[in-house]
Structures are given as structure tokens and as C-alpha cells.
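Listed in order, the protein sequences are those of chains A and B. First residue of the first sequence? That's 1040 in my numbering, and the numbers climb one at a time after it. First residue of the second sequence? That's 1040 in my numbering, and the numbers climb one at a time after it.
Bear in mind the hints are in silico, worked out from the structure with no lab data behind them. Treat each hint with caution, since some may be false.
Note that the list lumps identical chains together, so a pair holds whenever it fits in one copy or between two copies.
Straight-line C-alpha distance at most 25 Å; calculated DMTMM-like pairs for lysine to aspartate or glutamate [claimed, not checked]:
hint	residue 1	residue 2
1	K1154	E1455
2	K1218	E1368
3	K1218	E1678
4	K1226	D1690
5	K1094	D1072
This is what each chain is made of:
Protein chains: 2
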Amino acid sequence: MRRRRIGLSLLAWRVGMVLSLIGGLGGSVLAQDRPLVWSPVAPGIWRARVGVPEKIDLLKAARIEPRLAALRQLGSPPLPAPLRRSAGRIGDHRTFLRFPLNASEQLYGFGLNFKRVQQRKRIFNLHLDHYGNADSGRTHAPVPFYVSSEGYGVLINSARYLTVYAGTGLRRDSDRPPKIRDRNTDKGWEANPDSDVVEVLVPAAGVEVYLFAGPTPLEVVQRYNLYNGGGALPPKWGLGFTQRVPTLFKDQDVRREVDDFDRHDFPLDFIGLEPGWQTRSYPCSFDWDRGRFPDPAGFAGEMLARGVRLNLWLNPYISPDSTIYREVEPFTGSHTVWNGLVPDLLLRQPRESYSRHFKKAHLEIGVAGYKVDEVDGVDGWLWPDVARFPSGLGGEQMRQIYGLLFQRLSTEWFRERNQRTWGLVRGTNAGASSLPYVIYNDNYDHRDFITALVNSGFIGVLWTPEVRASKTAEEWLRRMQAVCFSPLAMLNAWADGTKPWTFPEVEQQVREVAMLRMRLLPYIYQAFSRYHFEGIPPIRAMYLIPGFDDRGREVRDQFMLGDSLLVAPMFAGQTSRQVALPPGDWYDFHTGKLAGSGGLIEVTPGLDKIPLFVRDGGLIPLIPAARRTPRPGEKLPLEIRHYGRRTGQLDLYDDDGVSFDYERGKYSRLRLEVFRNERGELAGRTAELTPGALNRYAGVSWSFRSE
Amino acid sequence: MRRRRIGLSLLAWRVGMVLSLIGGLGGSVLAQDRPLVWSPVAPGIWRARVGVPEKIDLLKAARIEPRLAALRQLGSPPLPAPLRRSAGRIGDHRTFLRFPLNASEQLYGFGLNFKRVQQRKRIFNLHLDHYGNADSGRTHAPVPFYVSSEGYGVLINSARYLTVYAGTGLRRDSDRPPKIRDRNTDKGWEANPDSDVVEVLVPAAGVEVYLFAGPTPLEVVQRYNLYNGGGALPPKWGLGFTQRVPTLFKDQDVRREVDDFDRHDFPLDFIGLEPGWQTRSYPCSFDWDRGRFPDPAGFAGEMLARGVRLNLWLNPYISPDSTIYREVEPFTGSHTVWNGLVPDLLLRQPRESYSRHFKKAHLEIGVAGYKVDEVDGVDGWLWPDVARFPSGLGGEQMRQIYGLLFQRLSTEWFRERNQRTWGLVRGTNAGASSLPYVIYNDNYDHRDFITALVNSGFIGVLWTPEVRASKTAEEWLRRMQAVCFSPLAMLNAWADGTKPWTFPEVEQQVREVAMLRMRLLPYIYQAFSRYHFEGIPPIRAMYLIPGFDDRGREVRDQFMLGDSLLVAPMFAGQTSRQVALPPGDWYDFHTGKLAGSGGLIEVTPGLDKIPLFVRDGGLIPLIPAARRTPRPGEKLPLEIRHYGRRTGQLDLYDDDGVSFDYERGKYSRLRLEVFRNERGELAGRTAELTPGALNRYAGVSWSFRSE
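Hey, can you work out the whole structure from these sequences and the hints?
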């Protein structure tokens, strides 16, 4: 017995000694944290490098083009003081980052989350994936960017799977350690005591970190978006209504669909063809199926003549039956997706093969955009993390950036034609602000869909709470009402063949809200122009509104669309709901009546209407209801609605709505101003900020809704 | 426009060129796979090294002592041929492993899973964590070991979080690529086509891989367990019944509990004290609370005199109020758990502090074992992966091994006293076979609990489907029936204060099954002796039984206990169930009647009984019912039950039941043999395989249950 005892404790002792002697199992893990050294890269934006950043990162993959002039206009605030206390270290071939948190600080962002808006005390593994019904970090846009209520934002520009401890880990060296409690007897014991640090693990020996100044959270977001190239400005038709038709629809079926939309007097600007437009799908051929579409060019032209554009579904994985398979084959990854090859989009050759084919077969005959599916996951389908690509990239990084690469590539095809596009994508990441794509998924929980919309504005992405099918007419109408106030008003009928009038008992209400969106085009387009020129997202969480106070009730079910419109969607089963109003008076959009002055109100809107509120002094420009958005140069009368008692002003943006000429100054701004005349009454007047701005409209009329 | 177009495509082209020129973003990722080179390390066991394995791995942490003599006895089969096709490579500071799969192969193991037994086509991230109700790899025992139906096993001996693609990833270089199908029109299209490879990502630049030969899956498991030191042999008292009392119980409360057990004539061998035994918990002091336990030594001695042992709950995280806090403090991690310091158990000093204190305060006064809680997770509580420890280890590896380190440390304390222990642990890993700890958790789904029991036998761990509270008397009885055929018959009443007789209407049935377990001690102890000497797990999945055929119905709800007893638990709400029988005749344990001959049978056992079946020729040794397991040297009459018509033989193991003297040959084997006498009738006889084996028993009686 003694022999064994000695044997064991000797062994124990040796292990201990050895470990001490070798100075640890990787002394590097013991490297001390060093303060991050922030170098200015643009006004109000700083970068710090830790270790040796990797050759590919998110912003490189997105190929961002910072809008420095716009950033200069936004001013040059000082480095946010708290972030002087951020630090990093390299060890164990990993990078460890820490950022301070004060006691009252709240955090937003960390990817496209669906359940929560406030992210403090959460742990994320940011990993591009289809959303699995938990805010774990596995999502369609695992953007490693967060916005602090203290008025700064941090981006970890890495294409790795990052583990984020957003105020959960308790450090021994904390200068604000929580009180220690005894669980035996202390009722105040907590499983997760408050932490004063955000820590991030980057599984690579170096990374680039960006710091964005405020002072307000909205300015943080503006700087983030402007640095990424400014927000995407959609073509006007992209803001109309869109329908996606069942998978195997033939050209005649699509014709009939468009006829039906016209017969039902329902708006339709573009129509989405699902997998069956091509000869093979899952994996894809990208070649038209001549059985279902004998004359693609003729068909696309005919649709265009009717003012209806085509959007093509695809996943980027190529079938052996594709006409470009052979040329792409040498430049694909080690693993397949449904046996389809995965082109390495970091290489020039497969990019050129795709470009040549897609331009010739699609763009040149009038195809207006794409729906890029299956770039998000599922683990069991997609290439595994052990995959490798000829460019040298591994499966992990390629997964984080693949959606970005395809968006960037396809965006260029349209740019070369000086033609804007508007499409759908299932996977994206940091740097995407300027990419004309809207995210969607299959989750279909209406409340979660709205929370995703709220969160999208923090991280430079766009999201649509698309409508598919519904159990009841009520759910149908509520979903249709909400989607009409999103970046993409879409009915996705690929599986169910639903139509806007699928529930006849609410057809009229659905048409009304869709037509309201068509009427609001000048207002929505204005919101997107601010996204492009100023980085202000069209959809804004309430937490981005100065002075907003949620009174401790996390607000995940309402948002601002543009500067003046507060949207509070109703959900099936609800007859009334609470709405949290920012400071000041707010007016009911529909009636013009005062709805409340800051704080919480309860509303009972009835089934026909979605609750919409306008801030005091808000101006809402509208055009007449129509089934199509205006054609370039089309002149329409402009109605300006004013709400409340305060005077107001709006510099209304407009351009041709289809080209990139606005980037070269070819756009107009018409100042719309509501003032009080000598009799003290509200009155409206216009002023041309750009010559001929007024000529774009067939007259301007004013209506004052609250007096 | 042209300027921009050229600008962009130039940029595109440059990126492409740059990437090609630098030969990839890390040419290393492109390193070719190399076949694994297998070197023999023990009979039927080989090791391959890829890159430079890390200084700490799972088997080092567990400090295994391979049982080479037993391995030699098991024979020296050749290297499993298919595994000659396994390969690995280093790149991107990661290790990539691949192992072949044939079309009909099935896989078992990959950690303690709760939902499924067959693991092919699954993806795991093996990560020590509390079980989150999905077989994701996050579990209390993320053992990176799998057993193939083809008769080999593979262990990836890494303390990292491993990502495993168990037949999901499709490789371009596959020699058995699945057929490509067009989802547009081919109804046979699959989202997850069959893959012919298991791939593993190790996030480190090197790893050690072990290969265990069969030829049967059971022999694979035997070799795995023997290499890890052989299975744990519990003290006999560990196989009795145990109750855990409410958190703040005082010594008088515990006395009363023991009185109640005796009054109710209910078995009780050891009792568990929950957090309140110590002055502080969450984090812990490890010091007796003199208010609740004024005289720990006297109390422990008194309990021992009554034949009841004490087991102490703890988590290893130390409170500033502990008497050993100061000496441990310098050797703890960068992060705390509930502000409790986390001792670096790889270092000698904190191990010695704990050892000194625990031996003096607990073992020397008679404490018999521990319940090691909270070494599994939760992410929000435990140290984050960014944590580091003075030994140099990072948070990730420390998390994977912490349970192993504490089990090994505490096991030594008892070994030094030549005293066996039997305890509970919430987190463990590969190498644990010989550690005398049983895993438990809070999940409490009865079906999942039984599936975990089934899976435990593949990966060298023990699991208890503990009972806490129940909604109905039926559920209560079904849970009690099942737990009595597990490695630890435990009622865990820490939160609810439940008693075995909590449902009076089934008190008698509960007592009967608990007493049946007490009667079965010689049989169960025999099963554990085979675990220790031969590596054969006491609980075996049906897939470990030669010739078993599940007829395509995955069997997750029944198992073998020992060599002859098939246990098919009933679940609340069930009145009948299917049982899959291995080849041959099987007999009802309770009635002795023929139950079936291989294949599926339907049984309707009624509420009183749990379905138990004995193989033809099976011998079941029993002792008289008693509330305590036998004391060392206590002589009891032995009843041998024989089932069926075939003759049978059992070499019954016995020893003092408390010490490690059996490791030095101090044990007995009594051959029990059933033969057919000259009249062709079944008869029994004994033979002493070790001198005086018979003297251990107060007589041997035979009963033949099926003739």
C-alpha cells in the first residue's frame, strides 16, 4: 500500500513540478494583456491591431469603400474615453480581447438576433448559420459588432467563429467585483452576478478591431454604415410589392399570376422565380429550363413591358449539368453541398466564369436581381469546417464570408450596367451595409421576425418579415400589415402558392395596406436616401431615438421607419398592445389625433389598421396609389401630410430611381417646410435646394392632420 | 461609369491575383492529408500522432494506468484493416482527421448522449457542459471516443472542443460519392446524402489518436476501459440505496431521516449532505457549519455505527471564508465562479492544500465520498474560454478536464487509506473508466435518462437516472424501478425532501424493488468485477450483445445489467412496451416463464414490476433482503437462480468489499455450475477456484425457475 501511495504522490508532484518548470503548457497563454492602441482611420473611427491580423477578414471580403466625405461631415468626436481601458493579448494561437462595461451600460447588436434586443449578460458564438430559434450567435448575420448605450461601437473584424462574453465572465482583477454571497442562507445570491467586462475570444493569432464614436448610439451606427460604404439605396421598384411563385411555375403560370395581380388591383413590381426556372437545382445549373421557359429573353422582355421585373432564386453550388461546370470545377472546395461543387469566390477564375454566364443568361435579357439561398447553413448540408478551398481559406472563414462574396460579386454585375438591383440573401456579415440585399429565413415566428427587424438597424443589414401562409385571416392580415413597413414587402408563395387575396374576408384591408406602402414611396425612399448618404438606417430600434426610455421594459416589438413614423405591429390574437413613445407628442397616422406624449400608451386599433404614429411636426410625403412604383421621369402629384402643432421641414430626396447616377450628383432635393403664417396658422411651402427639383412633381398639396 | 467599372474589376482582379500569388491565405491549409501511422501501444491498441500533440490531453489529466496484463489476456488482434485508410493533416494551426465509413457501418459513443444511440450522420461539438436537451456534443461527458459496428474504436485524445462530422460531410475525393439528384423533379432528392467519412477538427496543431481493435464492439469497449485502468470497482455499500437530504438539514434532521428509513424498513447504505453541511456554498468553504453540525466527527461516527455512510456535496470553487482560501489563492485562475476562486488543479500546491484539508476535515472522521457538482457548466457561471490558469492552461482545456482532475485527486485521498469510495460527478471525460464516480444531471426526462444509461457503456462512464420528485405515484414507481438497476440507486431529495414512501399507495412496490436490488448485490457486484478485471461495462447497450439485431428500430430504452439480465424500464403512461431480445430463449425474471426467442416481443408487466429477462442458462446469485449491504466478512446464505433449459456456469467474484486488497489478489472466486445429472435433470454444484471461496457464504441453495 505505501509503495502505491508514494508512487502516486510522486507522480502528482512531478506533474506539478514539470508544469511549473516549463513555465506552463504554453507560456504564451500567460502573456499579459496589453492596452489596445487605437489609430484613427477616419473621423470618429479608430483601429487597433492585436498580433498579426489574418489575410482575409470581413471588411476585406465585403470590399468596403468607406464614405470619407460623409464621415467628415459627421464630425470628429474624441476617442470614447472608456475604451482607453480596452486590452488584448495573444496566446495559445488565439486572440483575447476585453472591453470595459460600466454598471448601467446596455449593449445592442452582436448579430441578427430574434429574441432579445438588449444583449448584456449574453454569450454568443458568432457563427453564420440558419437561425435555430435561440439567440446563440448562430444566425444569418453573425456581425461581430456591438453598440453601447454609452455611445460607442466595437467591431471585431474577423472571419472566424468568435466567442463573446457580453458581461458574464467575472475577472479576479476586476475593479468592481460583485459582492460574494452564501447560497446557503443569502436569498440575494445570484447565479450570474454582474460583470464589468466584455471579453472576446478570436481563434487566431491576431485581429483588427474597430472603434466607432458616437456620442449617440445613432451616430455610432451612422459611422459604422458610412465606413462600410453607406447604406444601400434600392431601385424604386425594389420598394414596391413582390411575389414569389411556386417552384415549378412555367412562363404561362407566371403570366397568369401577373394578370391576377392586375385583376385584383394589387401592387406588383417584381416577381420571384423559384428553383424551377433552371434545369437543375440543389445543386444548380443556372441555365434556363427550356421546358418551363422556352423563350427566357422574350418572357423577361414581356414582363418588363408590363412593369414587372424578374428575380431569380439560386444557391451558388454548381451541378455537373451546368454549362459552366467544367470551367469552374478546378477552382472549388474540398467538400460539396448536395454533391454540388462550391466555387472559391476568392479566386478570379470562378468569379469570371459566373460573371460571364450570369450576365449573358440573366442580366442581358432583363433579370433584375437574385435570391441567394443556402449560404447560411445547415451544418449537415454545407461544407464542414474541415473543408479547404484552393485560395487557401478554410471552411470556417469561408462560411463566415460566403454570402458577402456572392453579394459583392453579383452587385458588380449590375453596377457595370449602371443598374441598381434589389435582392434577397440568407447569409451575410459585417461590411454589408452598401450591399443591395435583404435577409430572410424560414423561422416564421411573427414576433421574432419583428425583433429581427428591430435588431437589423444596429448591424448594417436589412431584414424582411416575409409572409408565406397563415392559419387565419387575422394572422394573414397582421403579417401583411407588418411586411409593408419593412425593407422588402414580399409574399413568398414558393411552397404554398398563396396570393394576397388568399383570405377574401381581408382582401380589401390587405390591398389597402399594400397601397399605403405604394403611396408612402417618397417617404420610404427618403429614409433609404439617408441610409446611403448619412448611414442612418431606414428601420431603427427605439433605442436609437434620442431620449427614448423603455422604463425597464425591453422594447422588441416596435420600431421607427424613417424619421417620423413609429410602427407598432399587431400580432394574431392581440386586440390591443402597449406602445412606448419617445419624448414629445405623437399622433395617430390614420386619424391625425394626438395619441400620447412620451411614455407607454395602450392602443386598440381594430383589425383593419396597423398602429402607426407620427412625431409632432413630422412630414409624410405621399404619391397617389398605384400598382407599380413610378417609372424614371414619371411625374406624380405630391401630397405632404403634416402632423401635430410644431413646424417641420423635410428635404425630400429624389432621383431616377434606377441608375447609379445619383453617385455623381444627379439627384434632386426639394425642401418641404411647414411654418406658421402671419395669422399663426400652419402653412406649407417648398424651396428648390437643387435646380428644377420641383419639376419632378405634378404639383404639391398640403394637408394638416392635427388641427 | 466606365471609370468605376474598371476600378472595380481591377480591384477584383488584384484581389484574385494577390491571393493566387501568396499561394493562399495560409498555404498550410493546403497541406496534403497524410495516412495516420499507427504504432502499437498495447495488445490490440495503436496510437498515431499528427503534428505536435499538446502537453495536456485527456488521458494525462485522468492519469490513466493501463492494465496491460488484462489486455494481453484479451489477445492481440490485427490492426483493423479499414483504419489503414485514416488520414490527418495540420494546417491553419488546426488538426484535421478523417476516418473511413462503409455503407452499412453504424457508430456509437461520441460522448454521453441522451436522445440517440446510433450516431452516424450526426455533428458534434464535444464540449463539456450541462446537457441542453439536444445531442449537440455539449454534455457532462463529451468523450471523443466512438465505437464502430465494424469492430473498432477511435479515441481523439485532445482536451480541446472537437468538431466531429460523423458521416455528414461530402468530400470531392470520395471513392463512393452519392448520386447527384435534381430537386426540381427528383422525389428521391436528399438534403443529407450518405457520406463515407468521419472527419474531426481539432483546434490545435497536433493530436494523439488511439485505435482500439475488436473484433466485436464489446471487445473494443473492453480494450478502451482496460487501457484507461479498468472499470471502477465500487465498495459494496456503494451499490446499496442512497438518499440525499435537503440543503439545510441539521444533524438531528439527518438522524431522523435514518430513523425513518429504518422504521419504513427501507434500504439505506449512505446518505448525501447537500450544500448546507458547510459554512458557505456557491462558492464553498469546505468547512463544517458548526451551527448545523456541532460535532461532525461524533455525528459521522454515529452514522457509521448504524451502517450509514456520509457523502458530501461540493463544488470545487473556494469562498474567501474558507479556512484554506489564503493558501490556495495564489494558484487560481484569472476568472471566478460566483466570485469563488478556481484552483488550478494541475499545480501541486493547491492540490496539496485541498488534500490536507479534505483528509483532515472529512476522510479522517469517516466521510465516505463526495458529490462533485458544477464542474460541467453553465457557460454563464463557469470560467469563460478566455480564462487562463497559472499552470499555463487556457479556459477551454481546463473545462474539458476539470472534472477528471478533481475525481483523480479525491480518489487518491481514499486510496491512501486503502479505502474505496463511490461518489457523484457532473463533468468527466475520456480516461475516467477507473474513477469511482457516477454522472448525474438536472434534465430529469425519464426516457432520456435511460438512453444516457444505454450510452454510458460505450464511453467508459457510469450514469444514474436519479429520482427526485414525481407528479404521480405511477411515475414515482417507474423511476424507482429503473434507478434500482443502475450504477447508483439514488433518491436525490435535496430540493423536494421526498422519501421513498412519498407515495404511500406504491410504498410496498418501491420497497420491493429496492430490496430486490439489495438481494441482487452478488450479481451486480459480479458485473462490476468484470468491469474492473475485464473492462466489460456493467450496463451494456443491446448493440454490445453479439448477434443482436434491432431490425431497423433504434433501441434506446432497454439495456443489459451484467451478463444475464435484460432490463426494459417502463415509463409513466405506458401499460405495455416492446422489448428487443438478442438471439436465443429469454425468460421472465419474476415468473421464470419463457418470454420469447429473439426478436421483438410485447410485454404488459402491470404496475408492480419492471420487465426483467434472463438469458437461457443464466445464473442469478442472490442474498437475503436487508437494509444494508453486507459488512466485510459477514456470511450470508447464497441463492442461485437458474433460468431456462441450458446448462450454465458463473465464476462468482467476492472480496472484502471495502479495500483495495483485491488488487493484490485478496479475493475469491466460487464456480457456480448448473449441469444435467444422470437423470437428465438440471442440478447445481460449486467448485472453489480460490481456496476457501465457499467459506464466504452461509450455504448455497439452488432454484431452477423454468422447469
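Give me the numbers of the hints this structure contradicts, sorted from smallest to largest.
When the structure is compared with the hints, numbers 1, 3, 4 turn out to be violated.
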